[in-house]
Amino acid sequence: MSHTTILRRWADHVEKDPEALAIATPGRHSTRRELARHAAGLRQRLADGAGPVLIACAEPVPVVAALLGCAAAGRTFAPVDTRQPAARWTALLEDLAPADAVVDDTGRAALAPALAGHAVRLVDAGQAERGDWHADDWRDPEVPDAGYVYFTSGTTGRPKGIRGSLAAVEHFLDWESGEFGIAEGTRVSLLTSPGFDAFLRDTLLPLRAGGSVHAAAPGTPPVAAGLADWL
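Under the numbering used here, the first residue of the sequence shown is numbered 1, with each subsequent residue one higher.
Just to be clear, a hint being listed does not mean it is correct.
Label-pair ranges, simulated between beta-carbon atoms [claimed, not checked]:
| no. | residue 1 | residue 2 | range |
| --- | --- | --- | --- |
| 1 | 85 | 217 | 18 to 24 Å |
| 2 | 196 | 132 | 30 to 36 Å |
| 3 | 136 | 174 | 20 to 26 Å |
| 4 | 87 | 178 | 39 to 45 Å |
| 5 | 116 | 176 | 40 to 46 Å |
| 6 | 116 | 162 | 23 to 29 Å |
| 7 | 158 | 127 | 30 to 36 Å |
| 8 | 178 | 115 | 41 to 47 Å |
| 9 | 136 | 157 | 43 to 49 Å |
Derived from the structure by calculation, the hints contain no laboratory data.
Just so it is clear, CB atoms sit at the ideal spot from N, CA and C, and this is done for glycine as well.
Throw the hints in and build the complete structure from the sequences for me.
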């Protein structure tokens, strides 16, 4: 199964109904077209580089746009939680050695104190020009499976970066989609921080199937009765 299957299936749904909802957050609803143009703009910004791309954004829309753009550009991406402690930023930069970092205002402020001594190009997720999007450009692009990196919690020592492949993610999503009947119109809740690899499951699963992502407010996710009310 190709690592670009995720992109192809997503592109098919964008082309089919570009105005359908892609991602809903408490303060923003993004259509498939809007997400696609955001991803295209970031892909263009990142295509001329090499090495890992750190993704440090508080909101899910720019995180998803960035990881799609990285996948289509053949760049390794590493999403992180912008709320992590300062010491963790330092360790992360030392281990990952990113060439670029896609940031929003929250991510830029959190990352800034740790940047001394690191040559990292900052790409503003909010200011990145929205690119022209054509479905054929996203169907099986000839790029390597650069995969992704997620860092462990570090509870037993220094956080460790774990590399994964997009081919493996697609294999899992293909199974999950069939097992749970994920189809066009399916709504999937997002309660996971971008700093955990389950974020890929909760966002890419509905997008590749023609569904939509529904994110809770940033911060502590709702629990018990609060979760029931939100759902």
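Non-conforming hints, listed in increasing numerical order: none
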